[in-house]
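S.K.: Single-letter residue listing:
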Amino acid sequence: MLAASSVEMRKVNKFYGKFQALKDVDLSILPGKVTCLIGPSGSGKSTLLRCINFLEEYDSGEVRIDGQLIGYEAPNKKMSGRKLREMRRSIGMVFQQFNLWPHMTAKENVAEGLIRVRRMSKADAERRAVEALAKVGLADKMANHPSRLSGGQQQRVAIARAIAMEPRLMLFDEPTSALDPELVGEVLSVMRTLAGEGMTMVVVTHEMGFAAHVADQVGFMEKGELVGVDSPDRILHHPQDARIQSFLRTYHERNSF
Amino acid sequence: MDWSMLQQYGPSLLKGFANTIVCWALGTVFGMALGLVIALIQRYAPRWVTWIIQVYIEVIRGTPFLVQLFVLYYGGPLIGLRLDALPAGLLGLTIYGSPYFAEIFRSGFRAVPDGQIEAARAIGMAEGHIVRRILLPLGLVSALPALVNFSIILTKETVILSIITVPELLYQVQRMSAETFRYVEANLVLALFFWGLVETISRVGHRLEARITKHLIERT
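Those protein sequence lines, which keep their order, are chains F and W.
Going by the working numbering, the first sequence opens with residue 6, and the numbers climb by one from there.
Going by the working numbering, the second sequence opens with residue 148, and the numbers climb by one from there.
Don't read these hints as lab results, they were simulated from the structure.
In silico DSSO-like links for lysine-lysine, alpha-carbon gap of 27 Å or less:
no.: 1; chain 1: F; residue 1: Lys83; chain 2: F; residue 2: Lys23
no.: 2; chain 1: F; residue 1: Lys228; chain 2: F; residue 2: Lys16
no.: 3; chain 1: F; residue 1: Lys82; chain 2: F; residue 2: Lys16
no.: 4; chain 1: F; residue 1: Lys127; chain 2: W; residue 2: Lys361
no.: 5; chain 1: F; residue 1: Lys146; chain 2: W; residue 2: Lys361
no.: 6; chain 1: F; residue 1: Lys16; chain 2: F; residue 2: Lys83
Facing chain F, from chain W, some residues (calculated, C-beta under 7 Å):
no.: 7; residue: Glu265
no.: 8; residue: Ala266
no.: 9; residue: Ile270
no.: 10; residue: Gly271
no.: 11; residue: Met272
no.: 12; residue: His276
no.: 13; residue: Ile281
no.: 14; residue: His362
Derived, one-sided and incomplete: chain W residues facing chain F with beta-carbon distance under 8 Å:
no.: 15; residue: Gly262
no.: 16; residue: Gln263
no.: 17; residue: Arg268
no.: 18; residue: Ala269
no.: 19; residue: Ala273
no.: 20; residue: Arg280
no.: 21; residue: Pro284
no.: 22; residue: Leu285
no.: 23; residue: Leu363
C-beta: ideal position from N, C-alpha, C; glycine also.
Could you put together the complete structure from these sequences and hints?
M.R.: Below is the structure:
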């Protein structure tokens, strides 16, 4: 079993100028649990996710990882860069656009953080990188540059890059949205394995199947508000809120043929 | 046309050409280095610092190299800056090229997708490592064609150094034509030398580009 983090968000607000992207968001995530965030585009799901590792700087409220406030020392006092980097080390992130470094091979992409951040020797880092790549089924592609990998493979390398750092929490920002439909499965299956190992995961997704089968809780967002957080069954099959009902109706209409 | 004077002036022309190449190469390297520093400062420094640097960029880009060189070489001694012709010329070229190089680097950095920088931040990489390992290598790739292009432009700016008596190629060519009255031949020689230099730089640049972009292009 991995050591897994908890996440606690209290009254988180985020503004872009006058536009309020997050409105008093409260969210609790227990160690080892998988939380999926769903909702229409522009509803603030990604912004919320990015506040968890402070890639997005929330304006007020609290985001705590294992009880420790991230981004701020105190209200209005930013955390030092060094401390923030230290906290980020144990938070893995996977992006919609993969964001692999194109000038490095798959192995180098995974080893880079181990060498620069974890200060491992090159040999140790590469050994660990190969292990991580093997875990996502890409040991045979370790010498390939991203330009020689399919989208699904690139995303799996990105997952390997994150898990090689031995995070206690993984954030996924629409990890399959940029993929051709036939490549979605390979990425979801890696994520399912990770969830099975007890990793705390927060996943912004449009994959309702994944949310229904893997998530411990599903949060629905609309217009910057976390409208509801509950079991997948209660949110996806028996939603009480009219906004969730309407979102799911649209979703089902679009996906039926 | 009469090329017989080349026998007599050949050595001094070659020496002048060598000086041109040295001035160009050092001026380009120093100008690029200064430009890179400026571009990095522009990216990371606080507002008021970038504002001062922006003024520097605008002033240097807005005035002719000839004037800058005059100010440096003939005006320098007034503030205690006494330089020989060659160092003055090199310093002049460095200063003249730096804002252009800075802008080229800036646009190169901007071409690096934010997501790739964010990915580095997300695993806790320090800013210094991000610059060295991600921003610079990727930014340089995007900047390379423009860097080569401006380096080529700089070759031709070196002739201006002749007015502060740097013994580069134009200086030697002018001496030869004044002494032999063979202006056409002299200027053809000048043109040929420059054409050779530019052609070489451009080829090296293309090769470099092909090499470093090898892995960056999507192949299926």
